[in-house]
Amino acid sequence: MNLTPVWISLQLAAVTVVVLLVLGTPLAWWLATGRSRWRVAVDAVVALPLVLPPTVLGFYMLILLAPQGPVGGPWLAVTGQTLTFSFTGLVITSVLYSLPFVVQPLRDAFRGIGPRPLETAAMLGAGRLDAFVTVACPLAGRGFVTAIVLGFAHTLGEFGAILMVGGSLPGETRTVAIAIYENVETLDYAAAHALSAGLLVFSFVALLIIYTLNGRRRTGVGL
Amino acid sequence: MSDQAALAPGAGRGSALLKWLLAGLLLGLVAPAWAAPLKVAVASNFLAPLEALADVYHRQGGPALQISAGATGQLYAQITQGAPYDVFLAADQARPQRLVAEGAALADSRMTYARGRLVLWARPGVELPVNGLAGLQRSSVTRLAIANPALAPYGRAAREALQASGQWSVLSERIVQGQNVGQALQYLATGNVSHALVAASYTRLDEGPAGDHQPVEAQLYAPIRQDAVILSGTASADQARAFLAFLRGPAAADVLASFGYRPAGGSR
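Protein chains in written order, with our numbering: chain A, 1 to 223; chain B, 224 to 491.
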């Protein structure tokens, strides 16, 4: 059986989670502690992928990332590469698709810390960034684990949006979910079973990790 | 029903009228079962023509069609799991053949109901080759969309045509595959590819993508035959046979031609 799609999916999930941690951590912090009147609106935007069908996201990405599109056009001009049908395009799509699964657990973890530890750190002379890195982040550790595992697992299982943006290029954009779909369509049920069972077991183990870690208190996942 | 029965004892002089009402009600309950809609599973690429055909058929006095559209492979999987369809209009010949072999479809019912054709479509401002597919210049193709040859008959035909014209190896790195021919068209409509090899039926779409198209030379690919079968589990075999006979008839041929298909019989 061809395991390349599994490898593509693992790479995609890993890159997506890293990008989401870099972009999502400050965003989650702002959502948890900010006082801007835009906060509620941004919260709603972050939650959008939870309620929208993936095909909506896929459709708009197909237009945004197109060679003439508002994102794909400039990208093509600068890099000479098109975004649709590329691994980079899949990463951009996945970052949006998995955004709430990373940002929401982080936001709730930061919120759960409360103002006191940071006030204490400030009184002891820690700067804002110092307090964030040395006090807030360690205290939100379980939120980070939840965010990483959920973001990774959710990206791994992505189907609808990838189906539309990817173009099913072997070795580049044919992910494990697409490969399963194609195996079912071509009646290769043995391969479909093997890949599906693998995803099923992985997802179960991932959730088991989260629930074990958060066993003593309710998880902060907004699902 | 229970409401009607509860009314009956207290009806008195109106009981004759009530009997008629009850009889009418019973008839009303029985009649739909007698004229039950024919449940048709259809490959998505043939959904629009089938809806048009259903209209014509109904106007000719045939039963209404209850249509379920999906990918041929997905419908095949549903049918093997006992999905209660009467007729299956596939996008290929393989799945109906397989259903017959497995005893899930009636062997003598299998027929080719339509033969599809390929067109080469180019985005606005992109040129079409003047001397057929072989004349397609590599430099003018940024991306060429086809349906996945492993999944879709139009994808297989597209690959055949590209191979026969010597373009497959030349363009291989610029070919992207949609899950079906509809997705290949979508890539063209959203501006993500310069060219697409898709079903001729799309040229009849009112809201089709912009740009020009031309038929692909018929000798470059084996005809795209779409087969129909009646499923063994049907309770309306006679009605199903009548509908397949209608599909072979002249009224259906007109509808098929208007959607860019060649009818089942006749030469190409």
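Because the hints were derived from the structure by calculation, they are not lab data. Idealized CB from N, CA, C, for every residue including glycine. Mixed in with the good hints there might be a few duds.
[What the hints assert, rightly or not] Label pairs and their in silico Cβ distance ranges:
#, chain 1, residue 1, chain 2, residue 2, range
1, B, E274, A, P26, 48 to 56 Å
2, A, T4, B, R361, 51 to 59 Å
3, A, V45, B, G284, 48 to 56 Å
4, A, D43, B, A480, 13 to 21 Å
5, A, L48, B, K242, 21 to 29 Å
6, B, A480, A, P53, 51 to 59 Å
7, A, M1, B, S395, 21 to 29 Å
8, A, A14, B, S395, 53 to 61 Å
9, A, S203, B, A275, 39 to 47 Å
[To be verified] Footprint (simulated), chain B over chain A, 3 or more residues, beta carbon under 8 Å:
#, stretch
10, 99 to 112
11, 167 to 176
12, 183 to 193
Does the structure break any of the earlier hints, and which numbers would those be? Violated hints (numbers, rising): 2, 4, 5, 6, 8, 10; every other hint is consistent with the structure.
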